[in-house]
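**Q** For reference, the chains in residue letters:
There are 2 protein chains.
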Amino acid sequence: MADTKVYTASTTAPVNIAVIKYWGKRDTKLNLPTNSSLSVTLSQDDLRTHTTAACSSTFSTDTLILNGESQDVSGARQQACFRELRSLRAALESANSTLPKLSTFPLLIVSENNFPTAAGLASSAAGFAALVRAIANLYELPQNPTELSRIARQGSGSACRSLFGGYVSWEQGTETDGSDSLALEVAPASHWPQMKAAILVVSAAKKGVSSTSGMQATVATSELFSHRANVVVPQRMEKMKQAIKERDFETFADLTMKDSNQFHAVCLDTQPPIFYLNDVSRAAIRAVDEINKKAGKKIAAYTFDAGPNAVIYYLEENEQAVLGALNGGLEGVEGWKNVTASADVSIEEAFLQPLKEGITRVILTRVGEGPVRVEESLVDSQGQPIRK
Amino acid sequence: MADTKVYTASTTAPVNIAVIKYWGKRDTKLNLPTNSSLSVTLSQDDLRTHTTAACSSTFSTDTLILNGESQDVSGARQQACFRELRSLRAALESANSTLPKLSTFPLLIVSENNFPTAAGLASSAAGFAALVRAIANLYELPQNPTELSRIARQGSGSACRSLFGGYVSWEQGTETDGSDSLALEVAPASHWPQMKAAILVVSAAKKGVSSTSGMQATVATSELFSHRANVVVPQRMEKMKQAIKERDFETFADLTMKDSNQFHAVCLDTQPPIFYLNDVSRAAIRAVDEINKKAGKKIAAYTFDAGPNAVIYYLEENEQAVLGALNGGLEGVEGWKNVTASADVSIEEAFLQPLKEGITRVILTRVGEGPVRVEESLVDSQGQPIRK
Numbered sequence: 011m012a013d014t015k016v017y018t019a020s021t022t023a024p025v026n027i028a029v030i031k032y033w034g035k036r037d038t039k040l041n042l043p044t045n046s047s048l049s050v051t052l053s054q055d056d057l058r059t060h061t062t063a064a065c066s067s068t069f070s071t072d073t074l075i076l077n078g079e080s081q082d083v084s085g086a087r088q089q090a091c092f093r094e095l096r097s098l099r100a101a102l103e104s105a106n107s108t109l110p111k112l113s114t115f116p117l118l119i120v121s122e123n124n125f126p127t128a129a130g131l132a133s134s135a136a137g138f139a140a141l142v143r144a145i146a147n148l149y150e151l152p153q154n155p156t157e158l159s160r161i162a163r164q165g166s167g168s169a170c171r172s173l174f175g176g177y178v179s180w181e182q183g184t185e186t187d188g189s190d191s192l193a194l195e196v197a198p199a200s201h202w203p204q205m206k207a208a209i210l211v212v213s214a215a216k217k218g219v220s221s222t223s224g225m226q227a228t229v230a231t232s233e234l235f236s237h238r239a240n241v242v243v244p245q246r247m248e249k250m251k252q253a254i255k256e257r258d259f260e261t262f263a264d265l266t267m268k269d270s271n272q273f274h275a276v277c278l279d280t281q282p283p284i285f286y287l288n289d290v291s292r293a294a295i296r297a298v299d300e301i302n303k304k305a306g307k308k309i310a311a312y313t314f315d316a317g318p319n320a321v322i323y324y325l326e327e328n329e330q331a332v333l334g335a336l337n338g339g340l341e342g343v344e345g346w347k348n349v350t351a352s353a354d355v356s357i358e359e360a361f362l363q364p365l366k367e368g369i370t371r372v373i374l375t376r377v378g379e380g381p382v383r384v385e386e387s388l389v390d391s392q393g394q395p396i397r398k
Numbered sequence: 011m012a013d014t015k016v017y018t019a020s021t022t023a024p025v026n027i028a029v030i031k032y033w034g035k036r037d038t039k040l041n042l043p044t045n046s047s048l049s050v051t052l053s054q055d056d057l058r059t060h061t062t063a064a065c066s067s068t069f070s071t072d073t074l075i076l077n078g079e080s081q082d083v084s085g086a087r088q089q090a091c092f093r094e095l096r097s098l099r100a101a102l103e104s105a106n107s108t109l110p111k112l113s114t115f116p117l118l119i120v121s122e123n124n125f126p127t128a129a130g131l132a133s134s135a136a137g138f139a140a141l142v143r144a145i146a147n148l149y150e151l152p153q154n155p156t157e158l159s160r161i162a163r164q165g166s167g168s169a170c171r172s173l174f175g176g177y178v179s180w181e182q183g184t185e186t187d188g189s190d191s192l193a194l195e196v197a198p199a200s201h202w203p204q205m206k207a208a209i210l211v212v213s214a215a216k217k218g219v220s221s222t223s224g225m226q227a228t229v230a231t232s233e234l235f236s237h238r239a240n241v242v243v244p245q246r247m248e249k250m251k252q253a254i255k256e257r258d259f260e261t262f263a264d265l266t267m268k269d270s271n272q273f274h275a276v277c278l279d280t281q282p283p284i285f286y287l288n289d290v291s292r293a294a295i296r297a298v299d300e301i302n303k304k305a306g307k308k309i310a311a312y313t314f315d316a317g318p319n320a321v322i323y324y325l326e327e328n329e330q331a332v333l334g335a336l337n338g339g340l341e342g343v344e345g346w347k348n349v350t351a352s353a354d355v356s357i358e359e360a361f362l363q364p365l366k367e368g369i370t371r372v373i374l375t376r377v378g379e380g381p382v383r384v385e386e387s388l389v390d391s392q393g394q395p396i397r398k
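Chains as they are written, first to last, in our numbering: chain A, 11 to 398; chain B, 11 to 398.
Please keep in mind that the hints were generated in silico from the structure rather than gathered at the bench.
These numbers were taken from a predicted model, which means no experiment stands behind them.
No false leads were slipped in.
Sample of chain A residues with no beta-carbon within 10 Å of chain B, all distances over it, derived:
(1) T14
(2) L76
(3) V83
(4) T184
(5) H201
(6) A230
(7) K366
(8) I396
So the derived label-pair ranges between C-beta atoms look like this:
(9) B/S236 with A/K249: 14 to 20 Å
(10) A/E79 with B/S356: 34 to 40 Å
(11) A/Q226 with B/K304: 20 to 26 Å
(12) B/A230 with A/K366: 30 to 36 Å
(13) B/L374 with A/E185: 55 to 61 Å
(14) B/T156 with A/A230: 35 to 41 Å
(15) B/L374 with A/T184: 50 to 56 Å
C-beta atoms are modelled at their ideal positions from N, C-alpha and C, and glycine is treated no differently.
Put together the whole structure using the sequences plus the hints.
**A** Following this line, the structure appears as structure tokens:
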């Protein structure tokens, strides 16, 4: 009798926000970066992708459904992930002939985000991490997250960092086949669980320039870029790892802000220039600088990815000071919680007014865990997607 | 009998707008730069400082009156200019005892701009160039503009370039006393008189960060800056001089835009970051990029100094194409002249709308001559300032 069973496995995976930025590929096919990067994984309570991987001999073709909509899976990135994972499964099947031949079955991947996609919220990182983790669960692969990160990286570079919780580096590697371009845990979330993050969503408008084309324009035309990639970032990576090990927030904040600024600086040094920050982003930078000035030390750190949204990191012990200082600008915004300003860290109305006008939503979150295997399936026993 | 005569001499001096930017000092006292720079001198028909230098044994103290208001002359920069010029005059007087002892008389400097000061329009460059040139005229100094540029540089770095018309370099020099940090004529205005410039005044609001403090913050904190100063700019200087010699506008435009972007990139790489461009500036950049794209070649080049105002260089032969494309966004703005758009270079309303909202004034001008000795005096024979 042919095996007509529908096999399923499910996972959730987190978003990560880099503090040392990935920008530039040395190999666009394999997503090999020009420099290492480092990120904080954010809590899945607030931002997560939930993905079920299913396979069955009864399926006709590989299929991916994201938030209820069928996606094209013919792209090289999707195909690379499917091919690599099938190859690992095929090796298990060769070694143990009693295993079902899942590697030969078409796949059905069903994925749901609990946050709006394409709002510059790193959805592709969570998406590819969840896809790889879910299929690895389905295939019962023995590979650890670092080994799987090699595959997730081929889907979306920064996805490799979402296979771990806590503080995660992506080591650029030197091999041309990318075999040593992998994610490593710098420290688990439990090492420094006090790290919180406020995401200020500036606008849900689409990005001007996609990060994929933007970063290659920078590599091709910025005359400052190679100095950043080859000289500046390697030093910052070491300092940042040390700061995380020592739970040294001031150094963490200093490097985070500097690296965000430098990433946007090389975007501006691109020809034609790439702008992700707008006047509202700049107002958020000014507000954080002012909070730190008033506090007399760095208690908050901004960082911006390839879009205008601000992510502000701070420690739980400074929540009242940081959020209190911003309260006048963000009161009433969706997702914000009112915090009474503390007397010693208040900033002038002029810093807050642009936030009032430009921030449409806030997500208050914190450092969190890596992918978690879950029972809840998005595919039923007949192989049909379940809409939540 | 004591000499009680009031001696006077007058000059006008132009504004210059750099195409390879000066940003960073290796010596803050002498205004010695970390890199060479290159500028276009703009026509005095549109932007000029008119200055009269007077001296008399009857004056009680050195005095400077700018636009009718007394200025402090005790600052090191003013004092350096007065001291150096007096020293050159004293040498003449020693060699020829029949000369009146002007070097021993207090100075009265009266200066008027024909444009609003401090609107980011390089008024200090024109101001110090006029001051040095007027006193040199008063003292009948034989020194040529390059020799005088050593003195003007100590007043305001970029002032040294305003002692020449046309296309002017400021060679950074290597001597610690600044003796070889001088302005040179790359080409006179007559070599390439077709160069025109549209200055889009974004806002008359004061600068956020003065260029003097801003550039030293960049030198101290930007990790990209030294690569720009030591590696990138020297190459660009050579290419830019060649482009001007060959009247190669496409290369001129390419380098001008790249260097403006890189200057603002190192400002952004400064900690805390320095922002001079705002959303209106960015809209001007986008509009120029779009004009060049539609034209199929670079016919316009933007550049921004330490403020949000855009300066757009273009050749006279492309005036209709460039101004015509911008007409929809600038019609009715003070200083603009309506130009019918040409059919082949028109840009979409989306590029023009932010200009409509953000540009308060336009100055249409062109490459022009250096300082010109004029008869019209701003000091009367009694040594009293004349208000125009």
